[in-house]
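Given next are the chains, with one letter for each unit.
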Amino acid sequence: MDPTHAKPRPGAAATSNNNTRRGFLVGAIYSLWGLIGTALSAPAIAYLLKAPRSPQTGNWVEAGDIAKLPQDQPIELVFRRERKDGWKVISEKKTAWVIRSADNRIVAFGPQCTHLGCAYHFEEDAGKFLCPCHNSLFSTEGRVLTGPAPRPLDRYEAKIEGSKLLLGRLRQSGERSV
Amino acid sequence: MKRRLDAVLGWLEHRTGIRTVTQRFLYEEIPASSGWRQVFGSVALFLFLVQFFTGVMLAINYAPTPGDAYNSLRYILMELTAGRLMRGLHHWGASMLVVVVVLHMVQVFVYGAYKKPREVTWLIGVALLLLTFTYALTGYLLPWDNRAYWGTVVATQIAGQAPLLGPYMSRLLGGSGAVGVVTFARFYGLHVLLLPPTTLLLIGVHVFLVRKHGVAPIPGDERLPKKPFFPGQVLRDTAAIFVAFAALFTLAVAVRVPLEQLADPSDTTYIPRPEWYFLFLFQSLKLFPGSLEVVASVGLPTLTVLTLVLVPFIDRQKMVHLTRRTVAFGMVTLALIGWTGLTAAAILSTPAGSAWAAVDYSLPTDWMSLSPEEMAGVAYFRQENCASCHSLGEGGAKAGPDLTQVSVHRNAAWMIDHFRQPSAVRPGTSMPPVQLSDEQLNSLAAFLLKLTPRNSLALRQAPEFAARGAMIYQEQRCGACHAVNGVGARFGPPLNGLAKRRSRSWVEQHFADPRKFEPQSTMPPYRLPSSDMRTLSAYLFGLPD
Chain A
1 MDPTHAKPRP
11 GAAATSNNNT
21 RRGFLVGAIY
31 SLWGLIGTAL
41 SAPAIAYLLK
51 APRSPQTGNW
61 VEAGDIAKLP
71 QDQPIELVFR
81 RERKDGWKVI
91 SEKKTAWVIR
101 SADNRIVAFG
111 PQCTHLGCAY
121 HFEEDAGKFL
131 CPCHNSLFST
141 EGRVLTGPAP
151 RPLDRYEAKI
161 EGSKLLLGRL
171 RQSGERSV
Chain B
1 MKRRLDAVLG
11 WLEHRTGIRT
21 VTQRFLYEEI
31 PASSGWRQVF
41 GSVALFLFLV
51 QFFTGVMLAI
61 NYAPTPGDAY
71 NSLRYILMEL
81 TAGRLMRGLH
91 HWGASMLVVV
101 VVLHMVQVFV
111 YGAYKKPREV
121 TWLIGVALLL
131 LTFTYALTGY
141 LLPWDNRAYW
151 GTVVATQIAG
161 QAPLLGPYMS
171 RLLGGSGAVG
181 VVTFARFYGL
191 HVLLLPPTTL
201 LLIGVHVFLV
211 RKHGVAPIPG
221 DERLPKKPFF
231 PGQVLRDTAA
241 IFVAFAALFT
251 LAVAVRVPLE
261 QLADPSDTTY
271 IPRPEWYFLF
281 LFQSLKLFPG
291 SLEVVASVGL
301 PTLTVLTLVL
311 VPFIDRQKMV
321 HLTRRTVAFG
331 MVTLALIGWT
341 GLTAAAILST
351 PAGSAWAAVD
361 YSLPTDWMSL
371 SPEEMAGVAY
381 FRQENCASCH
391 SLGEGGAKAG
401 PDLTQVSVHR
411 NAAWMIDHFR
421 QPSAVRPGTS
431 MPPVQLSDEQ
441 LNSLAAFLLK
451 LTPRNSLALR
461 QAPEFAARGA
471 MIYQEQRCGA
481 CHAVNGVGAR
491 FGPPLNGLAK
501 RRSRSWVEQH
511 FADPRKFEPQ
521 STMPPYRLPS
531 SDMRTLSAYL
541 FGLPD
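So the sequences go chain by chain: A and B.
Just so we're aligned: 135 in the numbering used here is position 135 of the first sequence, and the numbers increase by one with no gaps anywhere.
Just so we're aligned: 331 in the numbering used here is position 331 of the second sequence, and the numbers increase by one with no gaps anywhere.
Among these hints, one or two may not hold up.
What the hints assert, rightly or not - Listed next, the stretches of chain B that the computed footprint assigns to chain A, with coverage defined by at least 3 CB atoms under 8 Å from CB atoms of chain A: (1) 65-77; (2) 82-96; (3) 411-421; (4) 493-504.
Treat the hints as calculated values from the structure; they're not laboratory data.
All figures in this text were calculated on a predicted structure; none of them were measured in a lab.
For glycine and all other residues, C-beta sits at the position ideal for the given N, C-alpha and C.
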């Protein structure tokens, strides 16, 4: 492949002077192509891999009325929220598993198993969340009891205004809120 | 390490013969006279590959339907890292490709390199030239802004005028003169699906034929020993490619390609213009008025292509020295004069586009939602040179505080007192009093209260016509009867969307004598100096719908 290693053309005078000149020309060719290649590939890599500079869409959305939530009993709430999808803002249906504790504290779990993203459900008899895909089992605090799930259930940021439950961004456990 | 590499390369060579092929390609013998004049073909090929690469890059973030096309391009430009660079390279690369392809053709033409046995090489070159123009024509529509839309309307209308073929042409282009989803889909399909493989195939055959017949010698070459293509000529080609690429990259970085307003088929004020290399065609239509127009729109281009095709069959003498190619030089000179004249005439006769048509939508347009009072504040901010002591979030040490910091805003009353007599409000301050009327100070305060670190860049982009127009709007108290962006009274009609309802001349004449147009109107006549009138109407026409 490398043309510099090609045998000299038959009949060409292979003096050392000629070889230096030839080496210089070949070096110049490689350098120029190297520069062009870098100038094209570096921006292309940034273009493909860097996250878009979109404004954050982590607005609070109303998910329901806390008065209607049973105490210590997980319930699946359905709400709509806007999400920026590339060049579009789409309104999509989202769900959350919400538990209200006795002191009116709210925990809202993201609806997907942390293993491979299957939708889990609540097993009323066992009082645990079960993912049907690979049998990951979560406690009502979101802890992994058994199964391949690598981390506890993700939680929505949650706050209460009046009697309304507002949900914010979905965060992985261990991720500090800012 | 080296032995291992050699072993791998040896294996590859044995299984594919790739080293032999590469060597045969590189050690091709070329005539002794070959040199810098032969670099254009390589540069054209390189630029085509850059177009291919940047085109793919753009395509993977682009939604090829009208509307979405515009939004996704805006997303590429505003939100993706290096997105503007990719589009810049693709846009300027197209212009450069046209230039280099034409230079390549001129070089071959004046040297007479199309002569026997290289006629087919030339014909394929002509086909590649036409393909280049087809890329340019179809790619022009893809941003789906006003410029793209209206330019394509003109182009498809011209195609529709062709004698006999006209109706079929316009049907093929997706409708009878109307540019819409079908035209868009066809242009996109041509641009990305049909043209690239066709071009690659033709380039392949073109290069194969160049190799088959060898690089065209000039008389006298036969007496001199031939030389290898590598490394001397390869370095010349590489150097020329590097220069072209450096120029292209500089253009792409330094000259922003604007994105105009989303295509608006109801816009009656837009002045369509084709890309600069098509201006001569556009202008030539004016030389043939009325029913003769078809001569310029279809006749002359067809004749030109036919001439190019027939060149190697008309001029069948043996190769002669460059100094004896007077006819060829004459033709090139004539073509150059004709092209330059027509292009210059087209540029000179282009009426200045409206200020609002030049608004660049690939920059943030938050300023559009400012109320007239806030927008007028921008004008006063500029008029009073506030920026000489205050920064607007751009950093850098200045005498006064950064005005995007909400903490310095407080409230309007405090700010106005502060403007009037800074030292009374803040003892020891070096800020001079702002010499403006109460209303003007209100405007200035309204604008400053709107500033945040996030929107300051976007608000600073407010074009001069909008700021000054809003200032006139405020001075004339238009807001006492009209609303803009939801602010103002409703005695008169709201002014957003005025561009959709009225022509500019209507609006300007209406100012002078409203009753003449609407006998029931309660609007008093306004006699503004004509420059103020133009600025005010530009502001009103540029309002968001």
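Do the hints match the structure? See the list:
no.	hint	in the structure
1	65-77	holds (count 5)
2	82-96	holds (count 4)
3	411-421	violated (count 0)
4	493-504	violated (count 0)
Violated hints, listed in ascending order, are 3 and 4; each of the other numbered hints is respected by the structure.
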